[in-house]
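2 protein chains.
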Amino acid sequence: MNNTFIQACRGQKTDYTPVWLMRQAGRYLPEYRKIRGKVDFLTLCKTPELAAEVTMQPVDILKVDAAILFSDILIPVEAMGMKLEFSEAKGPIIYSPVRDSVAVDRLRRLDPKADVPFVVDAIKLLLKQLDVPLIGFSGAPFTLATYMIEGGSSKNFVNSKSMMYQNPGLFHKLMEKLTLTVTDYLRAQIDAGVHAVQIFDSWAGVLSPYDFRTYALPYVKQIIAGLATKIPVIYFPLNTSAMLPLAKESGADVIGLDWRIEIAQAVETLGHGVAVQGNLDPTILFGSKEIIRERVTNILQGAVNAQGHIFNLGHGILPETPVDNAVAMVAAVHEMSLKNR
Amino acid sequence: MNNTFIQACRGQKTDYTPVWLMRQAGRYLPEYRKIRGKVDFLTLCKTPELAAEVTMQPVDILKVDAAILFSDILIPVEAMGMKLEFSEAKGPIIYSPVRDSVAVDRLRRLDPKADVPFVVDAIKLLLKQLDVPLIGFSGAPFTLATYMIEGGSSKNFVNSKSMMYQNPGLFHKLMEKLTLTVTDYLRAQIDAGVHAVQIFDSWAGVLSPYDFRTYALPYVKQIIAGLATKIPVIYFPLNTSAMLPLAKESGADVIGLDWRIEIAQAVETLGHGVAVQGNLDPTILFGSKEIIRERVTNILQGAVNAQGHIFNLGHGILPETPVDNAVAMVAAVHEMSLKNR
Chain P
29 MNNTFIQACR GQKTDYTPVW LMRQAGRYLP EYRKIRGKVD FLTLCKTPEL
79 AAEVTMQPVD ILKVDAAILF SDILIPVEAM GMKLEFSEAK GPIIYSPVRD
129 SVAVDRLRRL DPKADVPFVV DAIKLLLKQL DVPLIGFSGA PFTLATYMIE
179 GGSSKNFVNS KSMMYQNPGL FHKLMEKLTL TVTDYLRAQI DAGVHAVQIF
229 DSWAGVLSPY DFRTYALPYV KQIIAGLATK IPVIYFPLNT SAMLPLAKES
279 GADVIGLDWR IEIAQAVETL GHGVAVQGNL DPTILFGSKE IIRERVTNIL
329 QGAVNAQGHI FNLGHGILPE TPVDNAVAMV AAVHEMSLKN R
Chain A
29 MNNTFIQACR GQKTDYTPVW LMRQAGRYLP EYRKIRGKVD FLTLCKTPEL
79 AAEVTMQPVD ILKVDAAILF SDILIPVEAM GMKLEFSEAK GPIIYSPVRD
129 SVAVDRLRRL DPKADVPFVV DAIKLLLKQL DVPLIGFSGA PFTLATYMIE
179 GGSSKNFVNS KSMMYQNPGL FHKLMEKLTL TVTDYLRAQI DAGVHAVQIF
229 DSWAGVLSPY DFRTYALPYV KQIIAGLATK IPVIYFPLNT SAMLPLAKES
279 GADVIGLDWR IEIAQAVETL GHGVAVQGNL DPTILFGSKE IIRERVTNIL
329 QGAVNAQGHI FNLGHGILPE TPVDNAVAMV AAVHEMSLKN R
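As given, the protein sequences belong to chains P and A, one line each in that order.
Residue numbers for the first sequence follow the numbering used here, beginning at 29 and rising by one.
Residue numbers for the second sequence follow the numbering used here, beginning at 29 and rising by one.
Note that these hints are calculated values from the structure, not bench results.
Take every hint as true, because none was put in to throw you off.
A pair counts as met if it fits within one copy or between any two copies, since identical chains are not told apart.
Taking lysine to aspartate or glutamate and the DMTMM-like style, the derived pairs with C-alpha atoms no more than 20 Å apart in a straight line are:
1) 141 / 77
2) 183 / 348
3) 183 / 116
4) 258 / 219
In this text, all values refer to a predicted model and were calculated from it rather than measured experimentally.
Make a model of the complete structure from these sequences and hints.
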């Protein structure tokens, strides 16, 4: 087993900088599109053999140092009793959004065995095949709450914030329910054998620091404390450059960074006791191989004082990305970081 | 003339904290919707009497300390020879996006007299009526470039960044043309008599610090230096919490802040020599009057060490905002800041 990724998560010295890409199993890969052409997105998530197959693809093609379970952050939302659909044009659609106490009360707590057996089964299949660590994941409660309340993606999150500001008690009640579900969901993945977990807080960046501290962070803390796991926990609150000290309070072992901050500045702000993951702008992969190498080098140099650095993009790889540029990026990370030791 | 806004821009002591709202002339006002019901958006921008009328509305209704000319950041883009349309559903649409050197070469330099006489005329009408300062504005070159290249709004800015990374020379050429146009456009507004100007860099936050420094900031600097004006210049690069020291290098008198950063932290990072504008989350206006007062107070206290603070939202006021909450916010800023002197 290539253990470089786990060592970096723990802040240990590694021979080179490990790298994986958010959404590395995805539409930019022809091999993925071939399978996706046969089944819809949710069926792919819920068929262990297929989910395992697309999880493996980027490990073989890109030579990344970790695999991440192919799934969707909204799987636990569906398990709580909401009807979920993925539209090619609009993205996720959640029917009957949660806007009042009746809707919050109606939400079930996820039962891993009954609701997400396919996740556990996919993990077990993967553990037999992989020679790199497997990352499990979940959406963070705040991010999941916004999908539930808005009924899908949103521009200004007016419904979510209206609930926060008009009925904070109800919002907190929803967050408490989500926190139990996310904890159980991640624990099921950990029990099945994943080597690390990542908590995606994709919409944390629509909050002010005040609201992040009040409405989002306490629940992430509670999840990480509740898991009390020995495997590394990565927390990725997108677009929170000015809230990194708060993100560190989550108790995560690794903080994910988007590309809106110099990694050296993030490392300095975060200080000791936490590793960093990131943070190449995904659109750099549309540039020349020279630009990719140059920017990879900048990030590796900027992270030189990090207590553990996992190279990644600052956001998911884009569907139109040329595969050979992604391959070149991974190779550049390995080559340039080895050179610098 | 109420000069509080200008004094705060200059970092001078004021009796109370001045306040205005981005997009204060807009759809949340029934008085605006009434006029907008009769003419389309671009006609409204281009009819001086109507543009002046909607510019005045929030001054009377909200009691703000500054007016901002009703117009759109894309007006100079149209003047450079591109066909522009506003769709209710999709927002701005720009036909034949700029993707190659032929398209860049074809762009004309804006001629204020021929292309935007309506802007100058609206300003002249307004100066006769207003008893608060009038703010002129333009989009920043990078933000305008993204609209030109993408053909409208965008999610990932793949076309803009592809040009930056594949053909940086062409991207810089486009930016140079935009810089001349924006400079001329702002100078025309200054010559017509506006009391301050704001440069909106609404998409600066999609750039890494490296790219912001390389592709966007130099042109803003050039514009501000080129104007060499005595009136205050406000620069508002949205979503750049980790790039404030760079934003300060623009040479602007005031830096606009979104709500993703504590204002006290922004003030500390920016240091002396620059005023700040912001930074209430626009969705707070969907909360109770008590929450509005509480958050207004937090921001006023956070900005207590600022060398000039203009209160504003961290982004444009939203169309669904209850008008009386906007009125209450402006009143709270005046009342609470007067109390604290």
